[in-house]
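**Q** Here is how the chains run, residue by residue.
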Amino acid sequence: MTLDVLYFAWLRERIGLPSEAVETEAATVADLVAELSAREERYALAFADMAAVRVAVDQELRDLATPLAGAREVAFFPPMTGG
Amino acid sequence: MTLDVLYFAWLRERIGLPSEAVETEAATVADLVAELSAREERYALAFADMAAVRVAVDQELRDLATPLAGAREVAFFPPMTGG
Amino acid sequence: MAIRVQTADFDIGSELAALRAGRRDIGALVSFTGLVRDLGGALRGIELEHYPAMTARALAGIEAEARGRWPLQASLVIHRFGQLAPGEQIMMVATAAEHRAAAFAAAEFLMDYLKSRAPFWKKETTATGEVWVDARAADAAALARWAPPS
Amino acid sequence: MAIRVQTADFDIGSELAALRAGRRDIGALVSFTGLVRDLGGALRGIELEHYPAMTARALAGIEAEARGRWPLQASLVIHRFGQLAPGEQIMMVATAAEHRAAAFAAAEFLMDYLKSRAPFWKKETTATGEVWVDARAADAAALARWAPPS
Chain A
1 MTLDVLYFAW
11 LRERIGLPSE
21 AVETEAATVA
31 DLVAELSARE
41 ERYALAFADM
51 AAVRVAVDQE
61 LRDLATPLAG
71 AREVAFFPPM
81 TGG
Chain B
1001 MTLDVLYFAW
1011 LRERIGLPSE
1021 AVETEAATVA
1031 DLVAELSARE
1041 ERYALAFADM
1051 AAVRVAVDQE
1061 LRDLATPLAG
1071 AREVAFFPPM
1081 TGG
Chain C
2001 MAIRVQTADF
2011 DIGSELAALR
2021 AGRRDIGALV
2031 SFTGLVRDLG
2041 GALRGIELEH
2051 YPAMTARALA
2061 GIEAEARGRW
2071 PLQASLVIHR
2081 FGQLAPGEQI
2091 MMVATAAEHR
2101 AAAFAAAEFL
2111 MDYLKSRAPF
2121 WKKETTATGE
2131 VWVDARAADA
2141 AALARWAPPS
Chain D
3001 MAIRVQTADF
3011 DIGSELAALR
3021 AGRRDIGALV
3031 SFTGLVRDLG
3041 GALRGIELEH
3051 YPAMTARALA
3061 GIEAEARGRW
3071 PLQASLVIHR
3081 FGQLAPGEQI
3091 MMVATAAEHR
3101 AAAFAAAEFL
3111 MDYLKSRAPF
3121 WKKETTATGE
3131 VWVDARAADA
3141 AALARWAPPS
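Protein chains in written order, with this note's numbering: chain A, 1 to 83; chain B, 1001 to 1083; chain C, 2001 to 2150; chain D, 3001 to 3150.
Read the hints as simulated data drawn from the structure, not as lab findings.
Treat the hints with caution; some may be incorrect.
[Stated by the list, open to error] Using 25 angstroms as the maximum straight-line C-alpha spacing, the simulated SDA-like pairs for lysine to any residue come out as follows: (1) 3122(D) x 61(A); (2) 2122(C) x 1025(B); (3) 3122(D) x 2130(C).
[Said to hold, decoys possible] Label pairs and their in silico Cβ distance ranges: (4) 2004(C) x 3138(D): 49 to 55 angstroms; (5) 2069(C) x 1002(B): 51 to 57 angstroms; (6) 65(A) x 2146(C): 30 to 36 angstroms; (7) 3023(D) x 1038(B): 31 to 37 angstroms; (8) 69(A) x 3053(D): 18 to 24 angstroms; (9) 22(A) x 3018(D): 40 to 46 angstroms; (10) 3133(D) x 2088(C): 38 to 44 angstroms; (11) 3140(D) x 2125(C): 48 to 54 angstroms; (12) 2130(C) x 3082(D): 51 to 57 angstroms.
Virtual Cβ for every residue (Gly too), placed ideally from N, Cα, C.
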């Protein structure tokens, strides 16, 4: 499947991209993180501390165990600081 | 002593006065209420249910047991409904 | 730090703008506005009576108590008296602080104390006559949430 | 009932006036405004990044949750993004209800959820560089006050 993967705030800066299309067979968010981290060091560094990373699947907040079957968009970002 | 006695809201309407100078030797607020109630029926009616009456002595909320020595102004009114 | 008791209406936007004018240290600004609420179309208006010699003093005491409890950067209480029509503004409080928890708590505290401790009384006029508004049990309960003033 | 995400500034007074325009049933109106707070004169400005596809949806969900929990007559959330200078307005929420308890509680709820659930991120620029603002532990604690959404 092809996923739109989005990065925000310092994850965007560390990875150097706001978004990319990723061809993957990852079953869960955790699998996708492992796959991206194996690709290049900038991903491994960005995802080094997953306690500091939040994830949304199709614009809904989810966790690492969330299955990706049927998903179209996955976003990674730090804890929110709006308001 | 001479006290300025003030009435507000329905106490003012029942007694028929916003304020009056009262010559009294009442030792406490309760004594003053008894003295006024003995004067005329409109006072007795206004003070019939003291649970529904609040009192301020010199612009501070007080209770019936408050001594009046040195006081200059006593006000009677229902529970407040501002805001 | 400001208390105003007046018959004139007020402009919330201008008041909040004045509160933060020239400042860059405020993070959170809370306002409460009380309005004349209609009872299903039957209300013609209200009359707000107050006890002038006590009002400013009571409001200043309540505001000082709030400022002792929370780190407020600014605060404001405006309360009108006299004749008011349905939908009109009755009063406002505003609080400013670095963080929202203090601004919210202080605004609620000011309202709870003001409702039960500031000498204002409302009389409603409807087609069937005039009636003094009863104090609400909910207001006594709201006041009881806070530890007594020091 | 309204959500706006924009770069432009907003006018609290006009927004509150619009919220109650033509109505006589509102008794209590609460507003919260978040401002760019300066760190002792060192802040040059902030940049607010957001996740557009998710923002409106998250805010609408939070507002719907608030309206399910309290009898609100009106509500409003405005949040800016982009470059903001110290002292500028970042966002506001407003709530209207018959009585103040619901208006206050809903406004605090909206803020607590928005802080931790709406996809906005702040970067501060000072003389020494740029830094992404860390989430505050106090915000997680504030969120935990509310029972989880149904």
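**Q** Against the structure shown, which of the earlier numbered hints fail to hold, in ascending order?
**A** Hints 2, 3, 4, 5, 6, 7 are the ones this structure does not satisfy, whereas the remaining hints hold.
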